[in-house]
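**Q** Letter by letter, the chains look like this.
Protein chains: 2
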Amino acid sequence: MLSRKNKIALVGCGTVGGATANLLLKDRELLAARTGQSLDLAYIVDQDYSHAKELGFPASLFERDLQVALDDPEVGIVVELVGGTTVAKEITERALEAGKHVVTANKALLAHHGADLIETARANKVTVSFEASCAGGIPVIRALYDGLVANRIEALYGIVNGTCNYILTEMVHRGATYADALKAAQRNGLAEADPTLDVSGLDSAHKIAIMAALAFQRRIDFDAIPVQGIDTLHLQDVMYADRLGYVVKLLAIAHQEEAGISIRVRPSFISREHPLAWVSGPFNAVSIYGHATGHTMYYGRGAGGMPTASAVVSDIAGTAAGIYSGFFENRGVWPDQVGDAHQLSNRQITSRYYVRIMVSDSPGTLAQISSIFGNHRISIASVLQEELTGADESHGEERQVVPVVITVHESKEANMLAALDEIDSLDAVAAKSVMINIVDEHPESLG
Amino acid sequence: MLSRKNKIALVGCGTVGGATANLLLKDRELLAARTGQSLDLAYIVDQDYSHAKELGFPASLFERDLQVALDDPEVGIVVELVGGTTVAKEITERALEAGKHVVTANKALLAHHGADLIETARANKVTVSFEASCAGGIPVIRALYDGLVANRIEALYGIVNGTCNYILTEMVHRGATYADALKAAQRNGLAEADPTLDVSGLDSAHKIAIMAALAFQRRIDFDAIPVQGIDTLHLQDVMYADRLGYVVKLLAIAHQEEAGISIRVRPSFISREHPLAWVSGPFNAVSIYGHATGHTMYYGRGAGGMPTASAVVSDIAGTAAGIYSGFFENRGVWPDQVGDAHQLSNRQITSRYYVRIMVSDSPGTLAQISSIFGNHRISIASVLQEELTGADESHGEERQVVPVVITVHESKEANMLAALDEIDSLDAVAAKSVMINIVDEHPESLG
Chain A
1 MLSRKNKIAL VGCGTVGGAT ANLLLKDREL LAARTGQSLD LAYIVDQDYS
51 HAKELGFPAS LFERDLQVAL DDPEVGIVVE LVGGTTVAKE ITERALEAGK
101 HVVTANKALL AHHGADLIET ARANKVTVSF EASCAGGIPV IRALYDGLVA
151 NRIEALYGIV NGTCNYILTE MVHRGATYAD ALKAAQRNGL AEADPTLDVS
201 GLDSAHKIAI MAALAFQRRI DFDAIPVQGI DTLHLQDVMY ADRLGYVVKL
251 LAIAHQEEAG ISIRVRPSFI SREHPLAWVS GPFNAVSIYG HATGHTMYYG
301 RGAGGMPTAS AVVSDIAGTA AGIYSGFFEN RGVWPDQVGD AHQLSNRQIT
351 SRYYVRIMVS DSPGTLAQIS SIFGNHRISI ASVLQEELTG ADESHGEERQ
401 VVPVVITVHE SKEANMLAAL DEIDSLDAVA AKSVMINIVD EHPESLG
Chain R
1 MLSRKNKIAL VGCGTVGGAT ANLLLKDREL LAARTGQSLD LAYIVDQDYS
51 HAKELGFPAS LFERDLQVAL DDPEVGIVVE LVGGTTVAKE ITERALEAGK
101 HVVTANKALL AHHGADLIET ARANKVTVSF EASCAGGIPV IRALYDGLVA
151 NRIEALYGIV NGTCNYILTE MVHRGATYAD ALKAAQRNGL AEADPTLDVS
201 GLDSAHKIAI MAALAFQRRI DFDAIPVQGI DTLHLQDVMY ADRLGYVVKL
251 LAIAHQEEAG ISIRVRPSFI SREHPLAWVS GPFNAVSIYG HATGHTMYYG
301 RGAGGMPTAS AVVSDIAGTA AGIYSGFFEN RGVWPDQVGD AHQLSNRQIT
351 SRYYVRIMVS DSPGTLAQIS SIFGNHRISI ASVLQEELTG ADESHGEERQ
401 VVPVVITVHE SKEANMLAAL DEIDSLDAVA AKSVMINIVD EHPESLG
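These protein sequences, in sequence, are chains A and R. Residue numbers for the first sequence follow the numbering used here, beginning at 1 and rising by one. Residue numbers for the second sequence follow the numbering used here, beginning at 1 and rising by one.
These aren't lab readings, by the way, just hints derived from the structure by calculation. Be a bit skeptical, because a hint or two may be false.
[Stated by the list, open to error] When the alpha-carbon atoms are kept at most 30 Å apart in a straight line, the in silico DSSO-like pairs for lysine-lysine are as follows: (1) R:K26 to R:K5; (2) R:K125 to R:K89; (3) A:K125 to R:K5; (4) A:K125 to R:K125; (5) A:K53 to A:K125; (6) A:K7 to A:K26; (7) R:K53 to R:K7; (8) R:K183 to R:K125; (9) A:K5 to A:K183; (10) A:K7 to R:K125; (11) R:K125 to R:K53; (12) R:K53 to R:K89; (13) A:K125 to R:K89; (14) A:K5 to R:K26; (15) A:K412 to A:K432.
[To be verified] From chain A, some residues computed to sit far from chain R (all C-beta separations above 12 Å): (16) V140; (17) D180; (18) S200; (19) S280; (20) R301; (21) A320; (22) G332; (23) V338.
We put the beta carbon where it would ideally sit given N, CA and C, even for glycine.
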């Protein structure tokens with residue numbers, strides 16, 4: 001127990017920092033009643049107090065110099081809400097080295113440097129906790145280190161980026177193009193002016209890297225994760241998904257296969273019957289398959305000030321009571337204590353696939369395509385090719401181009417890529433083919 | 001930490017007991033690696049070893065006399081998986097008084113005697129943990145005492161009985177009558193030969209009583225919970241729900257209202273847009289609304305040997321490491337430390353309602369009904385009355401009876417009951433009217 005050393009220094013007073021300070025200050029009594037701890041915010045450290053002032057926090061808490069908070073012997077917990085991997089890393093390291101517990105919501109920092117920071121924490125006999133780093137207010141990190149501790153985790157499937165899920169929901173429900181859906185997300189405050197980190201899939205990759213490490217008890221090499229975002233997705237493919245009984249979701253997948261661990265972020269076709277297909281708008285969800293529990297799913301708001309602050313404060317409460325150190329010291333899931341994962345590359349994955357090939361309406365092309373798939377030992381499950389309905393007559397000189405939509409049975413991705421290379425070099429193929437993986441309901445083993 | 005006193009005595013080797021012993025024995029290394037603890041099963045206490053023998057457990061673990069396990073100074077944890085409220089209560093009290101921590105999956109025991117047992121535990125400086133008592137393998141009890149600890153919980157909505165949800169799913173998807181759907185559940189091992197505890201709603205009531213106590217930090221009087229099961233549900237109403245855009249679910253509801261806490265178990269119409277409407281077959285889910293997180297939902301298998309054993313073992317691991325005592329001693333959510341809830345009766349609830357009134361096809365009846373609702377300050381939202389399609393001509397002498405389906409805006413249940421009493425006494429009304437509450441998506445406050 002920390003007893004006389006449980007004051008809190010909060011570093012970074014943006015959206016999450018402001019909400020966290022609000023929760024600690026305004027709901028002080030509620031938190032004391034529920035946690036059994038007095039959670040005392042002593043410092044709000046930031047370079048710029050304008051947001052903190054707007055929120056009406058007492059100026060007596062403002063401090064520009066982190067060192068003042070680190071030198072205060074009554075401060076036991078530093079809450080890092082700066083974001084990014086440069087300044088935030090330095091702050092976290094300095095806090096740990098000063099013997100302060102760290103609570104952080106920083107997924108990029110943890111995805112890249114998690115194991116090292118945990119090592120630094122242990123060397124200084126303190127802890128790092130990070131419930132808020134993945135899926136905002138949903139206590140999914142706790143599920144991995146505590147609630148599901150009796151399970152061998154077999155697979156994780158996450159919709160962990162609200163911006164992407166909102167954009168995809170707009171495309172599916174309203175038939176909006178990617179560009180229009182992105183604009184709608186920006187208008188509604190659900191996408192940044194520069195949305196790259198979200199729509200590129202990188203933010204989802206950060207989160208699945210953190211969760212996969214705890215789930216599989218392996219160090220994850222973030223740079224080895226194949227990442228594909230939604231920014232290259234065509235409305236046409238979203239519509240075909242719907243016709244075929246699927247929904248397109250940006251899935252962060254981590255899957256223990258015989259050959260190794262497959263971690264990837266990808267737009268995926270998922271059956272309408274799968275619970276993840278229901279998750280719409282800015283909501284997030286993580287499906288976890290354990291050998292004893294089977295499928296459990298955790299659903300909620302994966303971003304936003306208050307939901308994320310809820311997770312930050314749950315970590316502060318556990319740290320202040322000395323409870324979290326029990327998990328941190330005992331449990332075998334932390335990435336500093338385990339070996340490197342054997343991560344599979346894209347080419348080693350097997351999956352079902354959807355393929356859209358743009359072919360000029362010339363006889364024999366489908367036969368050529370089928371035979372190329374056959375040569376690469378890929379078995380076709382369904383073909384959809386429709387008659388043109390008189391469109392594009394203004395371009396009478398050009399060849400008429402029609403989409404041929406093919407789904408294939410479980411295949412090696414290396415074979416798929418080789419086959420599509422050949423197909424795309426056919427004279428009758430007018431554009432680079434689109435390939436999207438189809439994710440089936442993961443089988444439950446139940447012991 | 002328990003150090004030299006962490007051996008486990010398991011009492012009751014039925015479905016859950018067998019699965020728990022299996023997990024502890026077969027997955028010993030996995031559990032040691034993940035929990036950081038050696039979890040040593042030392043005794044399987046039961047009156048009848050036949051199931052334990054079938055499962056191939058070593059006979060050296062079998063013990064008929066609980067006292068032998070309680071007298072063993074190396075036993076630190078007693079796992080009560082006997083069920084019921086008589087023998088199980090005695091076993092739990094004896095274990096606590098012998099200074100053993102108790103882990104239990106027994107919802108009936110906790111719903112009736114939870115606060116007293118927790119008091120007994122504290123008096124003996126040990127703990128009682130009960131993750132497995134609600135929603136099987138889904139770590140929802142942990143969400144209430146840990147993951148969502150920074151929240152004022154505003155409402156809980158649970159689908160917490162897999163048998164009922166399976167039966168309702170059969171009725172909705174296959175148009176099966178209640179009786180046929182129950183038979184299907186029994187054939188598939190999803191309902192007991194005597195299904196009363198499940199279909200009456202009592203099992204769901206046990207679970208919501210336990211969860212509501214932690215959520216609202218109040219002692220719950222189990223006997224004051226209005227409980228209605230699915231055993232009186234007509235297929236006709238399930239079909240009308242579908243036509244009106246709803247799904248019928250047996251909901252266990254706990255809701256903090258201004259006047260008090262409303263806890264109830266009821267078949268309810270829930271909008272197809274609500275995530276709980278998606279939960280089908282034997283799956284369970286609990287929606288929790290917190291003032292900071294907004295809506296989070298926890299989904300998975302709410303029953304069955306292995307999923308429940310997963311929850312039991314997570315409690316064993318937390319207890320063995322001494323982590324759970326941190327929660328048990330610090331957190332303010334346990335029902336022994338709080339005051340009595342002010343529980344609302346059915347009559348005090350306000351809700352929207354669906355009503356089906358069977359009226360003989362006589363002129364003026366709808367006007368009479370409307371005016372009775374009006375007199376009781378109930379505002380009608382929609383009316384559905386269809387022409388008869390020539391059915392029942394064999395009963396030419398009888399009056400033709402048609403269903404009049406009415407939905408009403410938010411109303412006091414006391415007013416509804418009074419209005420329906422009057423309506424049912426009209427000459428033109430041929431049978432007791434059916435009233436089912438309509439549950440809207442709970443508003444999120446987000447701070």
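**Q** Hint compliance check: list the failing hint numbers for this structure, sorted ascending.
**A** Hints 5, 8, 9, 11, 13, 14, 16, 19, 20, 21, 22, 23 are the ones this structure does not satisfy, whereas the remaining hints hold.
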